[in-house]
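Asker: From first to last, the protein sequence lines stand for chains A, B and C.
Quick note on numbering: my numbering labels position 513 of the first sequence as 513, and the sequence is numbered without any gaps.
With positions in the second sequence counted from 1, the corresponding number in my numbering is that position plus 526.
With positions in the third sequence counted from 1, the corresponding number in my numbering is that position plus 836.
Possibly wrong hints are sitting among the right ones.
[What the hints assert, rightly or not] Chain A regions said to be covered by chain C (calculated; three or more residues, Cβ under 8 Å):
#, region
1, 327-335
2, 406-417
[Unchecked claim] The following label-pair restraints were derived from C-beta to C-beta distances:
#, chain 1, residue 1, chain 2, residue 2, range
3, C, D911, A, P99, 39 to 49 Å
4, A, D254, C, V1138, 28 to 38 Å
5, A, P440, B, K612, 52 to 62 Å
Hints in this document: simulated from the structure, not taken from any laboratory.
By construction, the Cβ of each residue, glycine as well, lies at the ideal position given by its N, Cα and C atoms.
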Amino acid sequence: MLRMFRIAAIFILALAAPFASAKEREVAIGLQAAITSIDPHYHNLSPNNSLLLHIYEPLINRDPNGKLVPALATSWRAVDDLTWEFKLRRNVKFHDGTPFSAEDVVATYKRVPNVPNSPSSMATFVKPIVETRVVDPYTIVFKTATPHVLLPSDLASVYIIPKAVAEKATTEDFNSGKAAIGTGPYKFAEYVPNQRVVLTANYGYWGGEEPWDKVTFKILSNPAARVAALLSGDVQMIETVPTSDIARLSQDKDFALASKVTNRVIYVHLNQWNDKTVPFVTAKDGKPLDRNPFKDARVRKALSMAINRDAIAERIMEKKSVPAGQLLPDSFYGTSRKLKPLKYDPEGAKKLLAEAGYPNGFALTIFGPNNRYINDDKIAQAIAQFYARAGIDAKVETMPSSVYFTRATKGEFGYMLLGWGTESNEQGSSLRSLLATHDPAHGMGVTNRARYSNPVLDKQITEALLTMDDKKREALIQTAAETAMGDTALIPIHYEVSTWATAKGFRYTARTDQYTLARDLRPVAR
Amino acid sequence: MRAAASDTALPESALPAPRAESPWRRFAAEFAESRLALFGFALLALLVAVALAAPFISPQNPYDLAQLDVLDSKLAPGEPSSSTAKPYWLGTDDQGRDMLSAIFYGLRISLAVGVASTVIALAIGLVLGLTAAYFGGWIDAAIMRVADIQLSFPAILIALILLAILGQGVGKIIAALVTVQWAYYARTVRSSALVERQKEYIEAAQVLALSQPRIVLRHLLPNCLPPLIVVATVQVAHAISLEATLSFLGLGLPITEPSLGLLIANGFQYLLSGKYWISFYPGVALLATIVSINLVADQLRDVLNPRLKR
Amino acid sequence: MLAFTIRRLGQSVFVLAVMSLLVFAGVYAIGNPLELLVNPQADEVERLRAAAALGLDKPIVEQYAAFVANAFSGDLGRSFVYNVPAIRLILDKLPATLELAAAAMVLAITLGIPLGLIAGLRPHSWIGRTIMAGSIVGFSLPTFWVGLVLIMVFSVQLGWLPPNGRGETVLLAGIPVSFLTLDGLRHLAMPALNLALFKLSLLVRLTRAGTREALMQDYVKFARAKGLGPGRVIGVHVLKNILIPIVTVIGLELGSVIAFAIVTESIFAWPGSGKLLIDSINQLDRPVIVAYLMVTVTIFIVINFAVDLLYSFLDPRVRLGGAAAH
């Protein structure tokens, strides 16, 4: 018996031996979402784009603030309204040793729209290009059919691969590593779907030495598991710190937080598909209303005024959100300084509702996802609380995004909580997608789930889209934004702030595009 | 009651109750033999009373969003409200919901969900399991293959489909849990019944030409019950925690009407950050509920089991 | 016996067909995969292209017909998300889950049955009562909660065990297993315990109930009266009597542990098929869901077949092949 106990004790001690500490120039990072492929053109998905930026590079990159900076292209300019010239970087080698030149760009852009079985391709970004001309190995000219100001921004999403790979490789060749060849600061080492991605340093990188020899990205989708991995030293950094742990981590000297406001706005769309009826909005006694109240700008404004955005930021988001007055935070292109978040004013909201013919308010159901945006279900509940104080009976129904978005797109909800990240970082494209009159064939109002329609706004958006001059265009977008917000075309709630947590001895430079990049993680002197 | 005399001819299912005492009194006396069971019964009675009286004894209606104040969110136990200065004895959750009231109301829902789904699933499983075992042949095959399909269909997918088709609510979650659980009982019952079916007393009953429903209900059923009661009492707990798991995955009850499980699932996020009360106290309430149900059920099983008569 | 096997095989094909139909209808009812797959910034042309590429532009009936046609040639479709054959994705992840499930079941059986026997033989002793009380705690608390508490104690506070992932693996008969390496065991310990806890409690309670009952039966009383040693009485007579319900429940739990270790796998980031299933459901990756459920329903059929065979082995009175009792 004693012997057995002794054996058991040895066994337990062996199990409990401290696990190997991370080596000097190795680092492990906990990611939130799975990487679905190593093929850079297979799935246009933010987690993929973020991770693959280590292996491959686009012509133009973005800095942590979202500004376009040279990458494989050293400079670019619009020759005229329909012509763009890109000067390419010399002396860049792919991981397999072949030199980079204009032919690789041509071959890559040719491959992009033709990736078999792609669930979401990058074709949108290269489609404006109707003609490509290679002037010399380091100069390339693109022609577009209509003026397309966003071309540099679009091309920042398309990663360049060698011509030989672009012509033959399948998505599976990338996943196995055979074709995972880019010019980026790290090389592919291992990919296990839904589990981890391992990268090693590319010592010949044109941009200089990287801080790490080996980087392991672990997929830790469960927020608590992610935090636990950081606390126990299993990883040195995690992305998307759950707000519930922010207070604790910011007080703990062994950890540091880095955060930055993102280009994602959380907003409410109000269903205006129909003049007469609107789903899940009734009088307080449950009887149907005689018309759709959301068609009335006064009602929309009242619903916006009744939300205490500061309380949501403070209490629900642990200060990791910025109250919103438009579709992008103030520092972004095309935003108007005049548009501030609406002040919380339940009395004013009641008055406006009375003016609009609802002195006793009405009843509505707030619909929202519960696994898509940061604290989405909690925000919905908080809004319902505020509405109670403005005389509106609000119920809350939240559901997983697999169910939610299909129904939201079909117009089955009256009041819907949504989010929008503007990847181009300029407000014109978000106004066009969310608030232009629904006309998908012409790329207008593609995601306008409210079916909000305002001819004045449509005209302003179209005009801005066709203006090449940056200054003029920004002024036009600002005017359009003022028109939209003045009409409360949607109710902006806040901009998400993304947060990273690092262990002692590491520091991360937070990014506005939510990307988690090993190159922005640096050791700090202890 | 017509053939009461024939019971004694069938030794395994005999109920040799002396006629002098009323069966209820006898039952109560046997039940009270265990002090632990009595304690369990008292605790369960208290919890049920709290659940029933929740609207009258709670400081706040936690389901009425108008009564919540997000500015009071995540207060530690005993801290006062910022507006009314009344203390929250067990703290508040992230919406400013009084935990004490939330637990009282949550108890109601959890008990209802756990008990209702178990009873319904048990009834369905019992009928189908007995039918399968007794009749055998293609009936058995059909029922068991449906059970196979059911068992390999994940609860999450069932809950998601029901959510998409029917929407959210207590009734829907009970439906999902019943769908998930009945096959489990059906197989358990069938396994016991397969053994019992071959025993002498069933043959004796068949020789006596008793009607089939009578053989199944009066003789087969009581002898299949003991393992089933064990599984069922555990499954009440399982149903409650399955509901918690579905809530944890965002598929459970409406978030504004939390059950104990949903409270635990919500508070779960705060475990690592030291705000223990959001999931700890609901956890204690859940534990107490399940312990009391099981103490009572353990003793019930012993008292009711025909084979454990001394 | 042979006839029994063949009949069961025929039924299984039918079960698989029903299953695939249910999943198709179910996923269709939940939502449109394109809403989740296509980047929201994409335009209408891109949406239509993706729908065509994934075959989602056709009516649902046509999609199902195409699936059935392919299934007969052994092709269960390619994952919408990963663009690899769904069945390969599942088979890659299955060994990790099987290992976790096996470890959990071994833990539950080797601890559960002895503890249950002790509690059944000494129902009124302090040890019997402690075991019973402990078993209640084991199944009262939700798995995700217990899992996180385990991580908090053993990884964060004590730093003894790694909080996530699967450890070093070695090949055993061509299948990667982790229980043969120390690192693998350290990774396996907590998730296996977490998963085993509920089954363990259930087995303790079932064994105790069966034991108490067996002790009251005449043949056990006889055996004792004959002067048989307690070891033989328990080993032969008591255990034999309680095995049928226990085997049933083990079968049921083994199946569910293989198929749905979802919560444990996501808390411990265990790279198994349960995590794959929940991700696929969240993404509406229908080919993977269909293929996955085809695999699990097959596993259930096999387990239940084995359990039915075990019945007749454990108790010759159980006649298989379903000859009716009249």
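Asker: Please test the hint of 39 to 49 Å on the beta carbon pair from D911 (chain C) and P99 (chain A).
Answerer: 41 Å, holds
Asker: Can you confirm whether chain C covers the region 327-335 of chain A, using C-beta to C-beta distances below 8 Å and requiring at least three such residues?
Answerer: The restraint on the region 327-335 of chain A is violated, since only 0 of its residues have a Cβ under 8 Å from chain C and three are required.
Asker: So does P440 (chain A) sit 52 to 62 Å from K612 (chain B), Cβ to Cβ?
Answerer: With a Cβ separation near 54 Å, P440 (chain A) and K612 (chain B) satisfy 52 to 62 Å, so the hint holds.
Asker: Checking C-beta pairs, does the region 406-417 of chain A have three or more residues closer than 8 Å to chain C?
Answerer: This one holds; 3 residues, not fewer than the three required, reach chain C with a Cβ under 8 Å.
Asker: Given a hint of 28 to 38 Å, does the C-beta separation of D254 (chain A) and V1138 (chain C) actually sit inside it?
Answerer: Since the Cβ atoms of D254 (chain A) and V1138 (chain C) sit about 50 Å apart, the hinted range of 28 to 38 Å is violated.
Of the numbered hints stated above, those contradicted by the structure are hints 1, 4, listed in ascending order.
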